[in-house]
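Chemist: Listed here are the chains, written in short residue letters.
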Amino acid sequence: MEISVVLYDRFTALDCIGPYEVLSRIPGARLRFLAKKAGPVTTDTGMLTVVAEAALKDVSKPEIVLVPGGPGDEAALADAEITDWISKAHETSKWTTSVCTGALILGACGILKGLDATTHWASAARLESFGARYTEQRVVRQGKIITGAGVSAGIDMGLTLAALEVNEEFAKAIQLGIEYDPQPPFDCGAPSKSTPEIVQMLVAMMGSNREAAA
Amino acid sequence: MKLTIVIFDGFTTLDAIGGYESLSRIPGIEVEWVSQQKGVIVADTRAAGIVAYRTLDEVKETDILYVPGGPGGEPLETDEVFLGHLRRLDATSTWTFGVCNGSALIAAAGLLRGRKAVTNWFYRHRLAEWGAEFVAVRYHRDGKYVTCGGVSAGIDGGLYLCSLILGDALAKTIQLGIEYYPAPPFPERTPDEAPADAQAFMHAFDTQGGGLGLLDLPPAFSGEFGVVQRSITSAAA
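Protein chains in written order, with numbering that gives the first Met the number 0: chain A, 0 to 213; chain B, 0 to 236.
In isolation and in its complexed conformation, chain A is listed as follows (with noise of 0.2 angstroms):
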């Protein structure tokens, strides 16, 4: 079974880490790290490196289609070479599959128009924009596509899906084996779990970090 995690410029690294983390240990799975180029890609903070191992060209019908999100999530949905490749991959894979802001990109392929689907909390209008219906779940299926919300909610992603291609048992036992019993320090990862003052600090620090990228 063919995995392809599609890498680009910018891209946060638990978006992809957490079900890669899950779904590299599926039996028979041969999962890749694409990008536009084989070779290094440079993650969000600007201070992380993760090798792709092939380009994109080099791989065609997955099974299974990863797309995660991140602060270069608009420059690669405004890139044909990339929407061409996973529009193209979607027509035959057996999960298309999108985490955090990763959703957008599957949104400007035109795979969401008229589903359900997640994304990370700040990013609900600009997902709606693609004619789909955010959906605040951590973890969103409509039949072959899921998404997952923002950045962690990629290993419930994970899970979720590798207990769907393989069984409830196999996707138990890789719970147990990344010892997945969250137990965060605080009890507000979400907007609803918040207060306004944290939510409206988070989104200042995202609205630079954009800036900075743009």
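Everything hinted at is true.
Chain B is nowhere near these chain A residues, computed Cβ spacing over 12 angstroms in every case:
id : residue
1  : Asp83
2  : His89
3  : Lys93
4  : Leu114
5  : Asp115
6  : Arg125
7  : Arg132
8  : Gly142
Distance windows between CB atoms, simulated:
id : chain 1 : residue 1 : chain 2 : residue 2 : range
9  : B       : Asp62     : A       : Pro195    : 26 to 34 angstroms
10 : A       : Ser59     : B       : Arg53     : 34 to 42 angstroms
11 : A       : Ala74     : B       : Lys1      : 25 to 33 angstroms
12 : B       : Val80     : A       : Ala79     : 44 to 52 angstroms
13 : B       : Val80     : A       : Arg29     : 32 to 40 angstroms
14 : A       : Ala203    : B       : Glu29     : 18 to 26 angstroms
Rather than coming from a laboratory, the hints here were simulated on the basis of the structure.
Just so it is clear, CB atoms sit at the ideal spot from N, CA and C, and this is done for glycine as well.
Based on the hints, put chain B in the right spot on chain A.
Modeler: Relative to chain A, chain B alone:
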């Protein structure tokens, strides 16, 4: 403030990325990925690679020393050169952070003697060999040492360390940013409560890369990247 993440052949990617994703959001922080050699360091699955910008030799001091785990950590438990680097960098660090059996490496360096610490569940019996006492929690602080349980526990422990460095408000902001209100599809339970066959499978996974001898496979990546991209400009451009 400088965060130094020590990676090695056969590290587990999420061990490193889970904590990195929150700690790298500390305003003004500089993150460096280091290993015994520069170049692409290949993870336990042989399907992921991260570039080490610098060698351990080149790092003179750091503020946060971060040691992830993975099956590739086991041979390093007796590698005196590697452990010597951990001791040297720990001497100047404000915080020393271990995830999974990365905590065991910190212990093997002699740094957790007489302290309480946590490591991956299947490794807990090992800590006593190095004079540390295992505590069955998600993450634990003992002095400047913050240690975490297996793999994904680095996310929780990373946010906790953020709160120690930045205070609760900024740490909460970072937690909201990574949208961490986890909802695992299966009921949370400790490894001890898992069925025996699942425990056996995962023990092999943790110690031998799934019992498949993954570490004996050739890395998917070869070659080195002479110029490492540290700027935000596209590596592919």
